[in-house]
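Can you build the whole structure from these sequences, using the hints too?
Residue numbers (the numbering used here), protein chains in the order written: chain Z, 1 to 428; chain U, 1 to 428; chain F, 1 to 428.
Quick caveat, the hints were computed from the structure, so don't treat them as lab data. There could be a bad hint or two in this list.
Note that identical chains are pooled: a pair holds if it fits in a single copy or bridges any two copies.
What the hints assert, rightly or not - Dumping the calculated BS3-like pairs for lysine-lysine here, alpha-carbon to alpha-carbon at most 27 Å:
1. Lys103 - Lys349
2. Lys316 - Lys103
3. Lys109 - Lys349
4. Lys12 - Lys261
5. Lys109 - Lys191
6. Lys195 - Lys316
7. Lys157 - Lys318
8. Lys12 - Lys109
9. Lys103 - Lys157
10. Lys261 - Lys195
11. Lys157 - Lys261
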Amino acid sequence: MPSAFATNMRFKFSILAIFLEVLIIILFGIFVRYENTQPTTKDIFLYPFFQDVHVMIFVGFGFLMTFLKKYGFSSVGINMLIAALGLQWGTLMQGFWHMEAQKINIGIKSMINADFSTATVLISFGAVLGKTSPVQMLIMTILEITIFSCNEHLVVKVLGATDTGASMTIHAFGAYFGLSAARVLYRPGLKEGHKNEESVYHSDMFAMIGTLFLWLFWPSFNSAMAHADLQQRTIINTYFSMAACTLTAFALSSLVEHRGKLDMVHIQNATLAGGVAVGSCADMSIYPLGAMLIGSIAGLISVIGFKFLTPFFFSKLKIHDTCGVHNLHGLPGLLGGLASIIAAMAHVKLGETSPSAPMQAAALGCTIGIALVGGAFAGLVLNLPFLGQPPDENCYNDSVYWEVPAEETRPAGQFGDYGDHRTVNINM
Amino acid sequence: MPSAFATNMRFKFSILAIFLEVLIIILFGIFVRYENTQPTTKDIFLYPFFQDVHVMIFVGFGFLMTFLKKYGFSSVGINMLIAALGLQWGTLMQGFWHMEAQKINIGIKSMINADFSTATVLISFGAVLGKTSPVQMLIMTILEITIFSCNEHLVVKVLGATDTGASMTIHAFGAYFGLSAARVLYRPGLKEGHKNEESVYHSDMFAMIGTLFLWLFWPSFNSAMAHADLQQRTIINTYFSMAACTLTAFALSSLVEHRGKLDMVHIQNATLAGGVAVGSCADMSIYPLGAMLIGSIAGLISVIGFKFLTPFFFSKLKIHDTCGVHNLHGLPGLLGGLASIIAAMAHVKLGETSPSAPMQAAALGCTIGIALVGGAFAGLVLNLPFLGQPPDENCYNDSVYWEVPAEETRPAGQFGDYGDHRTVNINM
Amino acid sequence: MPSAFATNMRFKFSILAIFLEVLIIILFGIFVRYENTQPTTKDIFLYPFFQDVHVMIFVGFGFLMTFLKKYGFSSVGINMLIAALGLQWGTLMQGFWHMEAQKINIGIKSMINADFSTATVLISFGAVLGKTSPVQMLIMTILEITIFSCNEHLVVKVLGATDTGASMTIHAFGAYFGLSAARVLYRPGLKEGHKNEESVYHSDMFAMIGTLFLWLFWPSFNSAMAHADLQQRTIINTYFSMAACTLTAFALSSLVEHRGKLDMVHIQNATLAGGVAVGSCADMSIYPLGAMLIGSIAGLISVIGFKFLTPFFFSKLKIHDTCGVHNLHGLPGLLGGLASIIAAMAHVKLGETSPSAPMQAAALGCTIGIALVGGAFAGLVLNLPFLGQPPDENCYNDSVYWEVPAEETRPAGQFGDYGDHRTVNINM
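Printed below as a string of structure tokens:
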């Protein structure tokens, strides 16, 4: 077996993970301090918002990706690994842009931002799901969050654009970064598909846990970093955008399928597009009417993307987007950026002012450009031959990197070394 | 096949859903405004309560109904569809009763009320689960929320009754509306039962996700609309009512079963009856003692209802209550109404005053009467022959309205059009 | 069959549960009052923290234990029963130590403490999982919470030790209590293992639901009872301890397994050890650096415990720890106690003062001692011959105490008495 497919991770994964944790602990020791000794009421007030976002990152993204029949451990487990590493690295990368007296001050807000930064990697993970190793994902986490933090600084601080719910800086960025990486990592051997790239009934049910927790807490995601006076408006706009998007996604799913049946892929993903698309202008005075229009269009383009664009990307552009992140985060993220440009042109108010259309456009352009270049660079790095990438035939299969129950059983963990009572359960 | 069973939903579902969404968006454009530009601290303070209720509606009700072995997609998916439509329609229907200057002002409170209004339909959905089409459920959502909003206005504003946790206006209303509709929709062909009206081990596990999130957040449900000074008391009463109910439900479940075994149906449902029953007087000064007595009685009557009343309703009254909503919402809702009458007669305090026993009794009577008549009317409308109702043999089966994995597998969604790598997984 | 294995629970379980509920209601009637008529803003402010802890107790602990292939109903169901009984009993036991004018005043804080007290029993439940009856668990709940409340009073009030996140008083206590009970309940007949003491793919997925909700809300668990000024710091310390622990646990899991594969047992459990270990000094000024060091060590010792210590305990010490609670709660709990002693010796600040090292050491010693003696006593009581303990061959099997679907199907509950349409689903 060529070294490119040396999937034994015993030392390379362990050593890399421990090295990263040691490095992070040293950097935290040098740079990171508590925000202040007496927290203001304001910050702890954001804690429920933080917890909602936290659930989205670990349960929402994690379970959303469990739809594949033999890749549940990796989906929810590697999602957890990426997020745990990413939130530490994100604290540092975002903190370096906002140091005071050479120190990074952390509080509830920095924790929300750290969780946000992990979302970009989890979105990109969806594009390469099933075709990468845990070692590769550790590296991608470090690379992507570093680049994300630079782009976010550029968009928010340098350009002065508004992107409260992060349609552009998180969703479009994560999607196009992932698609670009997936293009570089393209496997000709999988162009006919793969027998494990399928769901089963129960795996689709598990995925709905992810969908629902993402759906429910999206108003918190979009409003967590909004100005306190605008938080309620942001919540309302997101709530109605999601609801309108859901109805549209159901309608379109039935319309594009033979015999009008609903497709779980659309329900799991396209119902969420409204939250992505309304993000950039969720705190503007767009009224529920505007939010519902944005949500409806998002649901529509997301279903159409799944039906027509993803197969086209796969067969013509050689971009194999496992979870269809282009339809959930890419297109709706673009729509969110466009909506913010239009809102700016229409002088829609954001607090006392209104955003600048050219700056919103520049933000969207920069984000897509940096994501595409950054993703391609990440793809090249991940193609290095010793990173444990799985061979084609073992893609979408937990058993490459996980101890998986034989015939769907495994001994209860604490007896991992006792082989003698390991039995096969033929009834399951 | 007769047109009554024309289950191809391609155009009728899509067009109805899009028509409803367009209608709603137009009505929102005309009538709906943000509550105020500067939200008070008070309202955003309710946001964690809203989020708990939101989780109950989508995850709680959705997963509670996934106990059927082949109806998980519909349970959690159509639940989501009903709730997304219902919260938009509920915002309008409840808003029309409280307009200021011809406008509906929305905020966190109206969002909580909108979520509440969807609960009635989701309860009724449980009574007809497995025997209706998504088209029928869209229509039932519109009808039921319209009638619910009128009844709620009658009970709270006209009669001046108290029903903070909505034992009567949501739980009893939703249950008797659903039972009445189920009576009209009775299918003689299913009187011997149906092979798919069963659970499997894993579907019962999924249902427990729903049960637990309902159980946990019930104190938020009952207290979300309570007066701020009484919120803590409402939380405490609900907490102890649920706990006492749970112990009683476990005890009774073991008592009524052969060999004293516990029955998952009781654990999934009857443990929640305490939250329903304590709703009407949760903000009164009934003390934990009173709450625990109400909860214990609720757990008891709920298990007894499942064991003896539901089979009787089915065989004698021709009411086939798929989820047993009568035992979870109907009987405990009645108990809640009765408890509020007794509390009023005993001059139990609610804030500075105590409620009026005759008005509580009138509220209970009106609610049951309107629910029964409204449900029968809804049933007649749903019986119209072109609404895609499934034939008897296809009841309780997702595959009528959903793309379902063949042999429990389906190709990962984004390749829905690539038939060539669709394989059958015989190991699952 | 000997009476020791009389697993028919019909009367003994029902009567015991009803007796306990009646006893509790009487005691509540005599002793329990609302905290005050006008709740302070402060207390209701803790409600989101309470809800997070509440989710951990019922969903977190409940689903974490569902990893066994045929024991999901018991894991999540009996967990619910224990918690519902425990929170009532805990309210009384903790309340008796803090009465004012012969009354127990309850509010959000007492609800958080009541939930906390149930955690000890749920941890111990993990040590004896699959080998006990529901009757035994009711008795253990009463015994353990009574002893826990005494130990907590001793540690916090008499010794004046600090243990905000309860590394010692909950985690170490629950673990050593359970291990001691498991030693007394040791079954020689299971020394070769048991065919049902295994997971299947889907049961490991369900267990991850528990893991993630525990992981996410651990900052709330540790900070719920912290001084308001220190709450944010407690949250931050726990957040980074968990993240560092997760990376270390993944690294070690891969390092100790053949071919470097990850083991679900480690991911489900050892990733949580950081929350346990940082508990005792989470509100101290240990900086993120200190928190991450504690978390990393916790992840390391937890994986090593699963790999080497649990098999040793089983084969040499005759302690069969089903869930490996020693590695998740025992060792990390000890580490938390040690960390608080070291922090006290280093004069690390807790608010204006710093804790006393001798008192921290005394607290740790007392807790372990009382847990071991208390657990052994509980084990002796549970060994009484009429408590429905399952025979060896029926361990780890729901069907002893639950109605379980034949061939993984059961009739939908409301037709429990209609045997005629009970069919076998061979496709599942």
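Legend entry - Intra- versus inter-copy proximity for Lys191 and Lys109 (alpha-carbon distance at most 27 Å): neither (44 Å within a copy, 52 Å between copies)
Inset, instruction - Could you figure out if Lys109 and Lys349 sit no more than 27 Å apart (CA to CA) within one copy, between two copies, both or neither? - result: both (25 Å within a copy, 24 Å between copies)
Inset, instruction - If the cutoff is 27 Å on CA atoms, where do Lys12 and Lys261 land: within, between, both or neither? Let me know, please. - result: Between. Shortest inter-copy distance 12 Å satisfies the 27 Å Cα cut-off; intra-copy 46 Å does not.
Inset, instruction - Can you give me the call for Lys103 and Lys349, within, between, both or neither, at a CA distance of at most 27 Å? - result: Between. Shortest inter-copy distance 21 Å satisfies the 27 Å Cα cut-off; intra-copy 35 Å does not.
Legend entry - Homo-oligomer pair classification [Lys316, Lys195; C-alpha up to 27 Å]: Cα proximity of Lys195 and Lys316: one copy only (21 Å, versus 46 Å across).
Inset, instruction - At 27 Å max between alpha carbons, let me know whether Lys103 reaches Lys157 within a copy, between copies, both or neither. - result: Cα proximity of Lys103 and Lys157: one copy only (19 Å, versus 39 Å across).
Inset, instruction - Since the copies are identical, ignore which copy is meant and state whether Lys316 and Lys103 lie within 27 Å (CA to CA) inside a copy, between copies, both or neither. - result: neither (49 Å within a copy, 51 Å between copies)
Inset, instruction - Up to 27 Å between alpha-carbons, please classify Lys261 paired with Lys195: within, between, both or neither. - result: Both: 23 Å inside a chain and 23 Å across chains, each within 27 Å.
Inset, instruction - State whether the alpha carbon distance between Lys12 and Lys109 is at most 27 Å within one copy, between copies, both, or neither. - result: Neither: 34 Å inside a chain and 47 Å across chains, both beyond 27 Å.
Inset, instruction - Give the relationship of Lys157 and Lys318 under a CA distance limit of 27 Å: within one copy only, between copies only, both, or neither. - result: So Lys157 and Lys318 fail the 27 Å test inside a copy (36 Å) and across (63 Å) alike.
Legend entry - Within, between, both or neither, where Lys157 and Lys261 count as close if Cα-Cα is 27 Å or less: This pair counts as neither: shortest intra-copy Cα distance 47 Å, inter-copy 43 Å.
In this structure, the hints that do not hold are numbers 2, 5, 7, 8, 11, in rising order.
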